[in-house]
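Given chain A, put chains B and C in place with the hints provided.
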Amino acid sequence: MNANSEILCDSYKKQNWIKKLFLYFVILLLIVAMAVGISIGASGLGPWDVLSSLIKDTGRNHSIVWMLRLPRVIMAAIVGFGLGLAGAVFQAILRNPLASPFTLGIGSGAGFGAVTVILFFGGGFQTYLIASGAFLFSLISAFLILVVAKMKRASSETMILTGIAQMFLFSSLTSLFQYMGTMEQIQEVVFWFFGSLSKAGWREIGLASAMVLIPFPMLLRHAWDFNLLSAGDESALALGVDVSRLRMSSVVAASLMTAGCICFTGVIGFVGLVSPHITRMVIGSDHRFLLPTSGLVGAVVVVAADILGRTLWAPHVIPIGIVTSFIGVPFFFYLLVKRSKEYW
Amino acid sequence: MLQVIDLFFDYGSTRILEGIGARIEGGRVLSVVGPNGAGKTTLLKCIVRILKLARGSILIEDRDATCISRRELAKYLGYVPQNMPAKIPMTVFEMVLTGRKPYLSWRPSEQDLWITANILHEMDIQDLAMRDVEQLSGGQAQKVLLARALAQEPRYLLLDEPTSNLDLRHQLEVLDMIATLVKNKGIGAMMAMHDLNLAARFSDTILMLKEGKVFSIGTPSEVITPKNIREVYGVEVAVRRDNGYPHIQALHCVIDHSDSD
Amino acid sequence: MPSVLYDINMLHQRPLKKRLLIVGLTAALLLAPQASSAKEAAVTIKDALGRTVHVPYPVRRIVALNSDVLEIVRTLKAEEYIVGVFSEIVREPEFWGGLAKKPKVGSWRDPDLEAITALAPDVVVAYGRNPGPALEQKANLLGIQVLRLDFYKPNKLEEEVRTLGLLLDRRQEAERFCEWHQRHLKMIQERVTRTSHRPKVYIESYSDYHAAGPGSGGHEMCILAGGSNIADSLSIPFPRITPEWVLDKNPEVIVKAASYGNGFSLKTPAHFNQRRDAILRRPAWHHIPAVISGNVHVMDSAIWTGPRAMIGVGHMVRWFHPAFFSDLNPEALHRTYLETFQGVPYKGIFVSDDFKR
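Chains as they are written, first to last, in our numbering: chain A, 27 to 370; chain B, 24 to 284; chain C, 69 to 425.
If you're looking for bench data, these hints aren't it; they were derived computationally from the structure. None of the values given here were measured: they were computed from a predicted structure.
Each pair of labels, with its calculated beta carbon distance range: (1) A:K364 - C:T120: 52 to 62 Å; (2) A:M177 - B:A77: 15 to 25 Å; (3) B:E95 - A:F147: 44 to 54 Å; (4) A:F147 - C:H265: 34 to 44 Å; (5) A:K364 - B:L191: 33 to 43 Å; (6) A:R271 - B:E84: 25 to 35 Å; (7) A:K364 - C:D180: 48 to 58 Å.
Every residue, glycine too, gets a C-beta built ideally from N, C-alpha and C.
Same shape as in the complex, but just chain A (with noise of 0.2 Å):
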């Protein structure tokens, strides 16, 4: 017997070591993916260039790559991983694979907070003030979530139910906003809801990274209560997990990190919900491995999807939002056809 379970715990180890690797693979996907998307643009640096002027200063080289090229593909990897996992956590504190920042209404509070600042504070339409609209209003959004959940109980339908029903509120507002438009404000509202990638600095990306890498390792943390809650609240409970304030906070976190991520960029649409299923079908659903792997996917899609964007019709530039989504849905469903088991 003693033998047996020898070979059981093996068998255990070496899954999870199997899953530590496509982790790792990730990783160097990324990696990869960056160094791509840093050594392609239009005016033609090559990877030596690239190379030479991160080390040197190059002058006008130097400026293309460290303010123009590294921000943009960092900003790329940043709101991929924010929104990859920030899906992963929704999914399964909601247990249900539909869940994502954008179904739950978030995205769509994001985008009418920024489009009640490009009409009535709309200026010089400064960066800055619209993100603060778009996360304020995700926030609102994801705290209208809360307060509909806690008002009935915390389960997983009242808040889908809620995100949805605020979707279609935030959008039929934002379109009401966008009819009261001028043409100048239609178009900044149009682009934004095809997500961007151009305006993000530095200071931008400082506070994106904050935004995804402080709830990052709370949500971590929780890695075994998810899994533990993918069995049910009940079980969950009686397994010493409180459900409740588990998916209070994690709604919170989740939400911080999508509002950080798309209150820079615009809307960039289905990695939060396709990045999960990828990493699930691939190694599972143990949320040690799946939250992390989880947001690598979702960085190297953005990443990938940007150099696509920038790339396919040059120099044309396809907006990000609606890459991710061109790519990802057709892929998503080859996934969907093809995958041998019920992974969900």
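Chains B and C only, in chain A's frame:
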């Protein structure tokens, strides 16, 4: 010893449990019986604190259970739900390992893995270990849920109708397994049971609930009587003795108790 | 997000309309008044979509669905025939005066046919492509004529003004405006052809990092003003580009469109200057010649395409070819336009100040 003292539970304004008292001792099996809606499952859920009691107290080894943290409580009480929730994206091994959650922080220790593997062997489900939970049959699933509760190394097991979805063979298998565990490990078990004959055969004590109140408590022979069953279930039965256990045979419904189903 | 999709469509209406014009629509006047049994006369004309439209002659009840046609009606001194206006007019009461009090018929993008019917107009004038063809489908059922005129491209403007002048029986007024417009446009054109230098220009539309490509009004104006649009090889009217691409193209001048309600009501150029400074501060753009020399400008949408595009072009040539056009005073042109043709006092701010280091 786990004591339930004068326990009340309300669902909204409806009283579900009223003044329940019971005690579970190590190495003994207590079955809770009663018609649908009598409050069997609710009682179990109150004890593991899935539901919050309105009044009353639960003492575990003379400690007030409400003062124990959830995590600590999970080391005392193992809960086996009635059904495996649909679509759990885990393998059997992972699922049983989650029973170690009250003990582990991030990385399961060698000991945690060891305990998990041993339980799978003890229950003879080691072949299922790397299978996905959702591929299991009803009997296998019930065993996995039981295994998870055992991984908690609890002093008390609370089982919600452990035989409800099983065929005849699996019913006996699971109950035998529980009886063995209780005897060998000195665990105290509390089961919500539908089948009075199985309850009578596998329990030391039977607690009969009627409309949220204790109607009768005692040994199977004391509780399983035609009179009690007529009163509680509204059914006329004949009780025979079979290998020392009371065995009932349902005859017909009592007309003026048509409200109980 | 259904709402967003909807609005993307709306946004693309305008460039589409412009592209169509370039494809070569003609608002040719075809026939003289027809004989008819009743006393009522009618004309048949070709509109911006190349369709033949029968309109009573002279038109005495007109619904104007956008500000461009309304400006032209005012130029033709035919305000009295306006019976209905687009609802957005209330944003600019100062500029429109009494016209802002006329009955509203809903948004220029989505007019209310019921309100229009109630006004029993001889004709409804709308842009070529916005609102969409659904307008005709419904209007025809109600027996209302829709005339599509764009008034946006300086080269086609005069033709369309003459068409409207004919319909409203204001041929003299139309000629007067066309003569003025032609004279100044020609002067600018002649001088531009004499200069060989075509400075590279980055024209940015309302949203940051969106160029004005072929098919956009900004592009047309840039060409008229003797500039070389760095986006002229791109394929859509408002392409998104990367900051690096602009940097790589080394533009000598940067012009950005902006609208803050209406330049007419502005008292300071602060908004425009703010936006100009934001461009000057964009990361890594300090290597761009236009930024180094401070040749960066922001222009109000009132003189950016539309009937006043010629004034916008006037500003552009001064930025593109300062030596050749030192005597050109676009403000004076604008004053004439507002005071003589629009009958409103000259005021407002329409461009950012020249940048001085």
